[in-house]
Amino acid sequence: MSFNSIIFCFLFLPIAIIIYFFIPKKLKNIYLLIISILFYSYSSIFHTIILLLITIYNFVAVRKMDELQEKRRKYKLIEILIINIFTLCYFKYYYILLDNLFHNLSFKEIILPLGMSFYIFTILSYVIDVYKGKVRSESNLTSFGLYVLFFPKLIMGPIVRYQDFNEQIDHHDFNNSLFHYGFKRFIIGLAMKVVLADTFSRIISLYQVDSMLGSIVIIVLYSMQLYYDFAGYTNMALGLSNIFEFDFRENFHYPYMSKSVGEFFRRWHISLGEWFRDYVYIPLGGSRTTKPRLVINLLIVWLLTGMWHGASYNFILWGIFLGVIIVIEKLVLSKIKIPTFVGVLFTFICISISWIFFFNSDFDHITLLFKNLVNIHHFADDQIYSILSNYLVYLIVGFIALTPVIKNIGISIQEKHPYLYNCFSCIYLLFLILLSTSYMISYSYQPFLYFNF
Amino acid sequence: MKKHNYFIGWITLIFLLTIFFINFFSPTLTFSNQENRILASKPKLDFDSLLDGSYFSSYSKYLEDQFWNRTMWKSFKTSFEKKMGLKKIDHLYFGKDGRLIEEAIVPSDDFLTRRINNLTKFLDYYKDLNTEFVLVPNKIGIYNEEIGVENKQKEIYHNFIKNFDPELFKVNCFDILNSHKEENIFYNTDHHYTSLAARYISESLYDKKEVTYDKYIVNDHFMGTSANKIAYYDKADIFELYVPKVDVSYYLTYSNEEKEYTSLYDKSKQYSYNPYEIFFGGNKSIIDIRTNSKKEEKLLILKDSYANSFIPFILSDYREIIVVDPRYYYDDINSLIEDKQITDILFFYSMNTFFEDTSLDDMIENTEK
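If you read the protein sequences in the order shown, they are chains P and U. For the first sequence, position 353 (counting from the first letter as 1) is numbered 353 according to this note's numbering, and the numbering increases by one without interruption. For the second sequence, position 100 (counting from the first letter as 1) is numbered 553 according to this note's numbering, and the numbering increases by one without interruption.
Some clues are possibly wrong.
Derived CB-CB ranges, DEER-like [to be verified]:
1. 510/U with 19/P: 19 to 27 Å
2. 467/U with 362/P: 42 to 50 Å
3. 22/P with 500/U: 50 to 58 Å
4. 31/P with 691/U: 30 to 38 Å
5. 286/P with 500/U: 47 to 55 Å
To be clear, the hints were calculated from the coordinates, so they are not data collected in a lab. All figures in this text were calculated on a predicted structure; none of them were measured in a lab. We put the beta carbon where it would ideally sit given N, CA and C, even for glycine.
All chains, please: the whole structure from these sequences, using the hints.
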């Protein structure tokens, strides 16, 4: 069930919230666990069983590990890591690997359970943190289950650390401020997803790239679509967490304002970047090492980041492309003083180009986009002019909302006229939820008019 | 993090709950007139559908289809986007005075090659018959300038007819309709042209100098397919009917049914969601019209729905008119031509259907000869 579906917004969510209000405090965690399982089982009962088995196995295994002494503890850690990583690899890569290696043979497709990359990484961070003694193993299965399965973050993150979750798990006093803020975030996230991201996605699907300008517009649209899709979904996830009295750290912080690609990924999907930093990059030696080793570390991290995003080769290319740019930044560009504007533009261009690999698994289409990108002899085509003129408002709004301009204006009004700000933002948010609903309904509005012709 | 303490949480929750209750207590609808389709009904819960996930996906579809006032929400989005400056939504341009203009269909090279080959073969086989093509431009072929786009339909038309004997394309509908473009020749809210436009075309094909017409208003609040497609209900059309005052009687049969009808108008459709179905009750695979005209010719019309409003004007010009819509006709067309001793063939299409629909090719390719 996705957050931007009718069934979630107008059935699951209001009922879940109302019951949550009236349920006794001591039952709130078990209630959240049950609705999280219900939420997940919407996608597949079979995958829900897998998720529950993984959760129970890790709960028991980590408890066991925590009781063991040094060497046996390490063996247990390795066993848990292998089982988790093997499970992820089996579902994520096994079928694609077989399919690529043996074109002629047919295999039964293995479908990746929804959110598996996220919940396995959540579990891995917990396992390693317990092993390192940063946190104690959880003794309550409900609490651990809720940590893994809490529905707002289950499908697309953020990847929350156990320590951050555990601090809040028993604080179920109604927080009025957090409740309203949660709805605000949810509405903004919903609008980012259904009004902007889905519109950009539709424009991309309508256009066949046929010129230099067309190619440029498409990669800019990739940048905006992915941001509004993912950051919108994350906003909804964080907003829903707030409504249910959890408050997690930000996962996006105006990434397109970054002055370098390295900085971009400290502001984009922050929880994943921190995961790779803490559990891969630093254990490999981090940046306090020799230059050749640093290069290898960075390339390993980015190769793994690419592979985490998807099983096809284009994600590996995406990871390597970014890894190489970050290596260049670390070794060369970090020594040069670059004006902010140039840095932001450079980052935007690099990131936008990288999305070509991210979005396209078809090598011919990747080639077509790159060829058109440098095709100065055919600057523009009719269709791209038509798209630009028709969707100009979406593009302008899309660009503005990549920056903190609207937020800053809001803050300055709030400081000077708090009452006015509250009234205005209330109307604005109400309009956004109505607008988002109209977009959600519109996608299901499918006139069947053929036989009228 | 700034925390804001105002009422948005409660307002949103009340909004979500209100919609939930309205949806819950609203009666289940079976058909959407605006979308012209059957709406999803509540799925039955059983173990298998629960296990394979189909129950939830069906339930989700059911909730979407039964959402309170779906058309109003779609309409809200369309109005918002129009106010935001969008000139085109879902392949429909906003023209002047509420005119909704469909995009021109641009055929692929493969489509054109197939169409030209098939027609060449067909025309060659029936070279002894009087054959004519009437390709009617859609609104975009006449009103392209008001939305600032080039006239692709005109270009497509001229490129297409180059491949054939010009005698087959004696009637240039672009010229006819352009000379009447200030009149009510297209419905603003529908993709069809009007009875008046069909009359003008018939007058250029046949000698109608002495014919006069009765004018009837069928429906004065007509919201057509284009308006329904994007739920944009700015200004309703008036559906007018021109009926020639000619001394001809006729009867007709539909799709090889035995029942004979004495009128080609189905008055039950007058106030329906699609009054255009007043002609023959909508599209039929085959219609056989026999008249008491003194003429001897027997005409075969291969057509789309644009021909429906044209046929009333030519009843007195033929002894028999066989109307075939290749989209629904699966029998052998050659046998039909021979059995009915057809003397004339008329291809009558709107440009967008002619250059998109492949059923005409399928029909020709599936003939035995």
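**Prompt:** Going through the earlier hints one by one, which of them does the structure break, listed in rising order?
**Reply:** 3 and 4
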